[in-house]
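Given chain A, work out where chain B should sit, using these hints.
Each protein sequence line maps, in turn, to chains A and B. Reading the first sequence from the start, the letters are residues 4 to 394 in the working numbering. Reading the second sequence from the start, the letters are residues 4 to 394 in the working numbering.
No wet-lab data here; the hints were simulated from the structure. Mixed in with the good hints there might be a few duds.
Remember, identical chains collapse to one label, so a pair may be satisfied in a single copy or spanning two.
[What the hints assert, rightly or not] Result set (DSS-like, lysine-lysine): computed pairs, CA atoms no more than 25 Å apart in a straight line: (1) Lys63 x Lys299; (2) Lys388 x Lys343; (3) Lys309 x Lys380; (4) Lys380 x Lys348.
Predicted model, so just to flag it, every value in this text is computed and none were measured.
Listed here are the chains, written in short residue letters.
Protein chains: 2
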Amino acid sequence: MNELFSNRISSVSPSFIREILKVAVDPSIISFAGGLPNRDLFPVEALQKATNDLFNDSGKDILQYSSTEGYLPLRELIVADYKNKGLDIHVDDILITNGSQQGLDLLGKVLINEGDQVIIEEPGYLGAIQSFEVYAAQFNPVTVHQDGVDINQLEEIVTSSSSKLMYTVPNFQNPAGISYSNENRRAVAKCLSKTKTFLIEDNPYGDLRFAGENKISFKTLLPEQTILLGSFSKTVVPGFRLGWIVAPKPLMDKLVIAKQAGDLHSNYFCQRILHRFLIDNDLQKHIKKIVSVYGKQKQVMEDAIKQYFPKEVTYLNPEGGMFLWVTLPEKLSAMTVFDKAIEQKVAFVPGDPFYINKRDLNTLRLNFSSVDPDVIKEGIQRLGKVLHDLL
Amino acid sequence: MNELFSNRISSVSPSFIREILKVAVDPSIISFAGGLPNRDLFPVEALQKATNDLFNDSGKDILQYSSTEGYLPLRELIVADYKNKGLDIHVDDILITNGSQQGLDLLGKVLINEGDQVIIEEPGYLGAIQSFEVYAAQFNPVTVHQDGVDINQLEEIVTSSSSKLMYTVPNFQNPAGISYSNENRRAVAKCLSKTKTFLIEDNPYGDLRFAGENKISFKTLLPEQTILLGSFSKTVVPGFRLGWIVAPKPLMDKLVIAKQAGDLHSNYFCQRILHRFLIDNDLQKHIKKIVSVYGKQKQVMEDAIKQYFPKEVTYLNPEGGMFLWVTLPEKLSAMTVFDKAIEQKVAFVPGDPFYINKRDLNTLRLNFSSVDPDVIKEGIQRLGKVLHDLL
Chain A
4 MNELFSNRIS
14 SVSPSFIREI
24 LKVAVDPSII
34 SFAGGLPNRD
44 LFPVEALQKA
54 TNDLFNDSGK
64 DILQYSSTEG
74 YLPLRELIVA
84 DYKNKGLDIH
94 VDDILITNGS
104 QQGLDLLGKV
114 LINEGDQVII
124 EEPGYLGAIQ
134 SFEVYAAQFN
144 PVTVHQDGVD
154 INQLEEIVTS
164 SSSKLMYTVP
174 NFQNPAGISY
184 SNENRRAVAK
194 CLSKTKTFLI
204 EDNPYGDLRF
214 AGENKISFKT
224 LLPEQTILLG
234 SFSKTVVPGF
244 RLGWIVAPKP
254 LMDKLVIAKQ
264 AGDLHSNYFC
274 QRILHRFLID
284 NDLQKHIKKI
294 VSVYGKQKQV
304 MEDAIKQYFP
314 KEVTYLNPEG
324 GMFLWVTLPE
334 KLSAMTVFDK
344 AIEQKVAFVP
354 GDPFYINKRD
364 LNTLRLNFSS
374 VDPDVIKEGI
384 QRLGKVLHDL
394 L
Chain B
4 MNELFSNRIS
14 SVSPSFIREI
24 LKVAVDPSII
34 SFAGGLPNRD
44 LFPVEALQKA
54 TNDLFNDSGK
64 DILQYSSTEG
74 YLPLRELIVA
84 DYKNKGLDIH
94 VDDILITNGS
104 QQGLDLLGKV
114 LINEGDQVII
124 EEPGYLGAIQ
134 SFEVYAAQFN
144 PVTVHQDGVD
154 INQLEEIVTS
164 SSSKLMYTVP
174 NFQNPAGISY
184 SNENRRAVAK
194 CLSKTKTFLI
204 EDNPYGDLRF
214 AGENKISFKT
224 LLPEQTILLG
234 SFSKTVVPGF
244 RLGWIVAPKP
254 LMDKLVIAKQ
264 AGDLHSNYFC
274 QRILHRFLID
284 NDLQKHIKKI
294 VSVYGKQKQV
304 MEDAIKQYFP
314 KEVTYLNPEG
324 GMFLWVTLPE
334 KLSAMTVFDK
344 AIEQKVAFVP
354 GDPFYINKRD
364 LNTLRLNFSS
374 VDPDVIKEGI
384 QRLGKVLHDL
394 L
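Bound-form chain A, shown alone (with noise of 0.2 Å):
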């Protein structure tokens, strides 16, 4: 049956990491590997309420058929949370998404064709990788290190192709866990200001700082070049799948056929009663308890490490987000580590995934917010004695 799939889905591999995940559904095990919101901080009983307001003043109002486009109001909403952080976006600039990944297929629908360049940060979030692979991109990697990408690199890249997109998670990224300084951001704008690059800031993990200072959008620097993505996944309800777009434009008429050629519109009901909730409710508050929470685990797995791993083990560390970002010895692959770690009962996603083309690594991701202190701790000194063994 081979011979009847179309090119692009061909070269496209399953996920490395649901397999890992698959591994790792063992309860015996301590799971460093997923990306998953810590479901205790969910606002369940908030949620609840909208929804029995919804249905009590609206009933079959939410049930309908809708806009592809989004719910008017909660995309004035979304106008208005840029706005408090100082960006002027329009509302008919806004597309509601299944969430934000949903954003990332319909760039590439609209955007690339076979072959097309994508500069891509390297490690990058896979899921990114994977969209754009359906339309057979062609990645240009560019080296994520401690404040930001490598400006060298991506000159190079710019001076020696053109590209159709840079994709970027510049606050906490996946898997790395680093945020872009402001230094780095206007060398990456100044970059691609000489090109027709479109700029692809993805910020789920945005709202989730514990430490330091918030940093200019790309939106500022490079604003006719920037393309926004946006989540509740991370701060409200990941199940919900809603997120959205902030484009300019002929490229929004562009991707709102795409999006009704895709599945019509997002879910309506749930577009509703995430507009109640945050009505309803002080989103803020709300991030700030997720952001403690993330913050003092973050903490535990930085001390456990700290006590329990090799002294030859680095990391960079988050001021924010999900991950934090380990590199072995160079000798030490973490595919071999992840072998050793499973027969401990502890599991993490190896480097791998991350890189374009680039295999046997010595990087890591942990995940540290869907994870007790507890267990944290006792996870990081399992992974410790495999780590001690192996060296």
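Same frame as chain A, now just chain B:
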């Protein structure tokens, strides 16, 4: 900016129906243009109860990220429903999608290379045309009659070319309202059995039968090549955006990869609500209520057509579903009628968008599911006056 778009999106035009619906949004207009289920039949109370019970019992469990394939117990209910209809479907062959529209997009994504041929009903479902157009399919239209597709035309297409897909809505087709007879289905299956063409049986209206007998599924007649698409939009609610694909194993593997890269998974919260609703309520009883109302509305429309339309105007008589298809005398363009009808405050969809490359046709689609009987009568009377004036 246009040179930056992908070739695939540049060739797709915004939906003509969408533009018409914008005109028809004026509340003083009687609209037969939409394709909406009747909102008065949404099971609001039962859904509210299901949601509340779930929040009370399962709280945070219903709000987290979930599996790409969809909620297993919901897929098991779909299997059970097929079993009642005499079809033996394995739960692993079902993928939950954002309505069956997303099923079309995923199938286009994993099957269609630029220029691949797709057999499509003419008139045919605009959403399918749009979805496959995005992947640059070439269409082979086959004419729809009262009893199904034109077998001679189909034989000719199959003999002279090689198609990846054939797209069908064999029950209460959109837009023509007709159903394929068992004889027609057998002839289609025989014709395709000599090919490697996949047959898509899209069945959003299949349960909404108010006259005649159920027909054989293509899954029985052509099991290896048939892909089923289903939807809860017409039997429960459209706002949840939940449907499904049934596809054989190697194809399903690719669809799951495409779904994962596209939006990770469908709305989990609504999958859980829908599942709870389905186990706590009698869906067949609910469907009977819908069928009784739609059957009555269709009868009122038919009676009014007989009373008010000129004798030269004919129509196809649907045994279920939501649409009735009208043919005007050959000289009269439905677009001309549309402009005059809007002046008389009544709207419908002219036939043009349902055809590949044909314009100024003398056909039109009337929707009867979402308009109350009195209003149907008044609207058909107005439209009859316009037609009499023009003829």
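Checklist entry - So which hints don't hold here, by number, going up? => result Hint check: nothing fails, all pass.
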